[in-house]
Amino acid sequence: MSACKCNAHLDDPRAEKLRQIITKYRNTNGALIPVLHEAQELYGHLPIEVQKAISEGLNVPLAEIYGVVTFYTQFSLMPKGKFKIQVCMGTACYVKGANSILDKLKEKLGVDIGDCTEDGLFSLDVCRCIGACGLAPVIMINDEVYGTLTADQIEGIIRKYQERPV
Amino acid sequence: MNIYRAHILVCNGEKCNSQNAQAIYDEFKTQIKKNKLEEELTVVQTGCIDQCSQGPVVIIYPSGVIYTMVRIEDVTEIVTEHIIRGNVVNRLLGGENINLDSVIKSLDQVDFFKRQVRIALRNCGVINPESIEEYIAYDGYQALAKVLTGMTPEQVIEVVKESGLRGRGGAGFPTGVKWEFTARAKGDQKYVCCNADEGDPGAFMDRSILEGDPHSVIEAMTIAGFAVDSNQGYIYVRAEYPIAVKRLNIAIAQAKEHGLLGKDIFGTGFNFDLEIRLGAGAFVCGEETALMTSIEGKRGEPRPRPPFPAVKGLWQKPTLLNNVESYANIPAIILKGAQWFSSIGSEKSKGTKVFAVGGKIQNTGLVEIPIGTTLREVVYEIGGGIPNGKEFKAAQIGGPSGGCIPASHVDVAIDYNSLVQLGAMMGSGGLIIMDEDTCMVDLAKFFLEFTADESCGKCPPCRIGTKRMLEILQRITDGKGTAEDIDKLEILAKNIRVSALCGLGQSAPNPILSTLRYFRNEYMAHIQDKKCLAGVCKSLMQYVINAEACRSCGICSRVCPAGCIKGEKNVPYVIDQTKCIKCGACMEKCPFKAIYKNA
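Keeping their order, the protein sequence lines are chains B and A. With the numbering used here, letter number 74 in the first sequence gets 74, and the count goes up by one each step, no holes. For the numbering used here, add 166 to where a residue sits in the second sequence, where the first one is 1.
Hint data in this document are derived by calculation from the structure and do not stem from the laboratory. Each hint should be verified, as a subset may be incorrect.
Pair ranges (Cβ atoms, derived) [unchecked claim]:
| hint | chain 1 | residue 1 | chain 2 | residue 2 | range |
| --- | --- | --- | --- | --- | --- |
| 1 | B | 26 | A | 653 | 54 to 60 angstroms |
| 2 | B | 155 | A | 312 | 43 to 49 angstroms |
| 3 | A | 424 | B | 53 | 35 to 41 angstroms |
| 4 | B | 13 | A | 424 | 36 to 42 angstroms |
So, partial list: chain A residues that the calculated Cβ filter (under 8 angstroms) puts toward chain B [stated by the list, open to error]:
| hint | residue |
| --- | --- |
| 5 | 184 |
| 6 | 448 |
| 7 | 460 |
| 8 | 465 |
| 9 | 525 |
| 10 | 530 |
| 11 | 562 |
| 12 | 602 |
| 13 | 604 |
| 14 | 659 |
| 15 | 690 |
| 16 | 691 |
| 17 | 749 |
Here are the simulated SDA-like cross-link-like pairs (lysine to any residue), alpha carbons at most 20 angstroms apart as the crow flies [claimed, not checked]:
| hint | chain 1 | residue 1 | chain 2 | residue 2 |
| --- | --- | --- | --- | --- |
| 18 | B | 106 | A | 704 |
| 19 | B | 108 | A | 755 |
| 20 | B | 106 | A | 749 |
| 21 | B | 52 | B | 12 |
| 22 | A | 412 | A | 441 |
| 23 | A | 755 | B | 103 |
| 24 | A | 464 | B | 79 |
| 25 | A | 464 | B | 37 |
| 26 | A | 654 | A | 615 |
| 27 | A | 412 | B | 140 |
| 28 | B | 108 | A | 748 |
| 29 | B | 80 | A | 405 |
| 30 | A | 748 | B | 37 |
| 31 | A | 735 | A | 749 |
| 32 | A | 755 | B | 150 |
| 33 | B | 106 | A | 746 |
| 34 | A | 748 | A | 729 |
| 35 | A | 759 | B | 150 |
| 36 | A | 464 | B | 16 |
| 37 | A | 704 | B | 103 |
| 38 | B | 24 | A | 654 |
| 39 | A | 704 | B | 107 |
| 40 | A | 412 | B | 41 |
Since this is a predicted model, take the numbers as computed values, not measurements. Even for Gly, the Cβ is constructed at its ideal location relative to N, Cα and C.
Construct the complete structure from the given sequences, taking the supplied hints into account.
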């Protein structure tokens, strides 16, 4: 055996980046939330190992970090899909039929709210108003916004992402 | 700066962007280069022009012609016809932008804009938000110069007080009084914060201001810093607004570079610095004490008041907190004077308010109108009325904390006091228009789902009370409600109102109380007749095939995901109600309109 497997994750380039993030904010007041934002961007979600590293780096109790992570809906303990689908459930979208869009997505992807498809391609969430009320109903896939939707457009949109080179 | 013959403004708001506005901007650049017009013309990406239903929008100055729903293929035609030959491209003007005599209306003549008075949105869609030079060209940072070089903090506060400006975030507290409290508070360190955690579903004016005119907020916060003796500000922005965050960052960097932010501003020795803090998706953080707890890096739970933030706020220091729209008014008030501002608006509420008009209405988007404008003007004149020949039923104002204004009160002059009398509130200015297809019980349930979900859990009246109210509403919409349920709802609502810790809980019952006040008959129909008059509540309606209109084509049977529609040639099809999941697919697809909702 040439190398111990444990070293693999110490060498993970993301761990070094995480250390840099923590160092950047170490002297900032109220650093925890900005650090969590950047850590989640790095890892896609916030597994307990990452929270532990932040706890040690910022000298904040792990329990407090877990409390913050679970308080805010933007932070996730679970991995998300490569394409994060968010269905806006703001009032304007609701009045204009966001529910039928959501039902169609559930049916086409075969997952419920908060879940990820088995191939890891899509995760489905509902989100708070994204402020695109003039285009209601609206969904967001990663950073792309799709507006004035009808349920029968959903299939085509999903196919577009399925056919994207990974 | 170059002087150009014409400016081409391309809206780069989030909505236009979702419809290819970036590509349209790039195409204009390419075309202008191709035609060697770079010296004569400039293309500008602006913030949201606010006529969202017509996007992507392109405006060409000096004529002010508005092109709507522009596609990338249209760019060549606009450049060759309008720019080079001077002919307006009529087919892109959009229905209401041209009048009967074929005279083309410019921006300020279109129905959607002509009744508006744009103070907070004065620069949105007019300047390039990523250029400090353009902001300065539109009197930007002049108010700050005036304040720092010629006014005392007391004078600044006096002007804001005299203007009559009230908080635009919801509660409507007089802004100048808040500044005075913070200025008087004793402390070695004070903070100035901006609430840009615009969480009310249906409201997006703060996003539009931050994306379209970020410098106005920076300038106003610096003025506030001078007035209350603070050298540090924080802008708390929702993480859901990435473009706003990006533009704010650019604007802060530019202001620092130009000596308008940071150390020794205008050489007067006054220091003021700004930081952006991102929210992380918690509605309660729009509440002032919760917002500050969140900036401190903790769970965003509210704390009891008093002490008020002006005395003990962020990190226990005196803190001034205003909302984005309130700040955006400040530079204009300082420059044009308190009297000018207080001459606009109604007797008790001065100035303008931005409303985000959405829902079942022809023209959606942001409208800034003098306070005191009637709801009728907003719905029918600015908003263009209800689409598809439907009837206006009610307007929901103020989001989950607000209430409904029914059609019978459509002539109400919208101001802080009149809305409270009707059981609604100004809130942050979300205005959702509803037609006869909206079930008011279902709407109340929607808002309760929202508040129950967003309740932070700290105080029991909100945590438990919203859940209990939601359960009762669920029961009613399922057709299992009893007459007692309405009494229970009213008792619960009144108790939660007085006992919850923060504004979220105290106002959570409003959607119920307000719909009960004006639409009690709908609640009774659900409970006594087991009917949903609007045909929304699935448990109380059926899809039925009209045997006489049915041509037995079988399309409904093929699209039915539950496989519950049976029939054969020459015999009308029938829906098996025990298996029907009420998705409505059959009704949508029936070519003969033979399927209807039986409510």
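Under the criterion that the straight-line Cα-Cα distance not exceed 20 angstroms, is the pair residue 464 of chain A, residue 37 of chain B satisfied?
-> holds (14 angstroms)
Supplied distance hint 35 to 41 angstroms, evaluated on CB atoms of residue 424 of chain A and residue 53 of chain B | At 40 angstroms between Cβs, range holds.
Would you mind confirming whether the straight-line C-alpha gap from residue 735 of chain A to residue 749 of chain A stays at or under 20 angstroms?
-> violated (25 angstroms)
For the pair we were handed, residue 80 of chain B and residue 405 of chain A, check the Cα-Cα distance against 20 angstroms.
-> holds (17 angstroms)
Is the hinted pair residue 759 of chain A and residue 150 of chain B satisfied, with a Cα-Cα distance of at most 20 angstroms?
-> holds (19 angstroms)
Closer than 8 angstroms between Cβ atoms is the bar; does residue 460 of chain A clear it against chain B? Give me holds or violated.
-> holds (7 angstroms)
Take a quick look at whether residue 412 of chain A and residue 441 of chain A sit within 20 angstroms of each other, Cα to Cα.
-> Roughly 13 angstroms between the alpha carbons, so the hint for residue 412 of chain A and residue 441 of chain A holds.
Given the hint that residue 412 of chain A pairs with residue 140 of chain B, does the C-alpha gap stay at or below 20 angstroms?
-> holds (18 angstroms)
Given pair status - residue 654 of chain A, residue 24 of chain B, alpha carbons within 20 angstroms | Violated: residue 24 of chain B and residue 654 of chain A sit about 53 angstroms apart, past 20 angstroms.
Can the hint on residue 525 of chain A be confirmed by a CB-to-CB distance to chain B that is less than 8 angstroms?
-> holds (5 angstroms)
Distance restraint between residue 748 of chain A and residue 729 of chain A, which requires alpha-carbon spacing of 20 angstroms or less = holds (12 angstroms)
Does the structure keep residue 654 of chain A and residue 615 of chain A at a Cα separation of 20 angstroms or less?
-> holds (18 angstroms)
Comparing the model with each numbered hint stated earlier shows that hints 2, 12, 14, 15, 16, 24, 30, 31, 36 and 38 do not hold.
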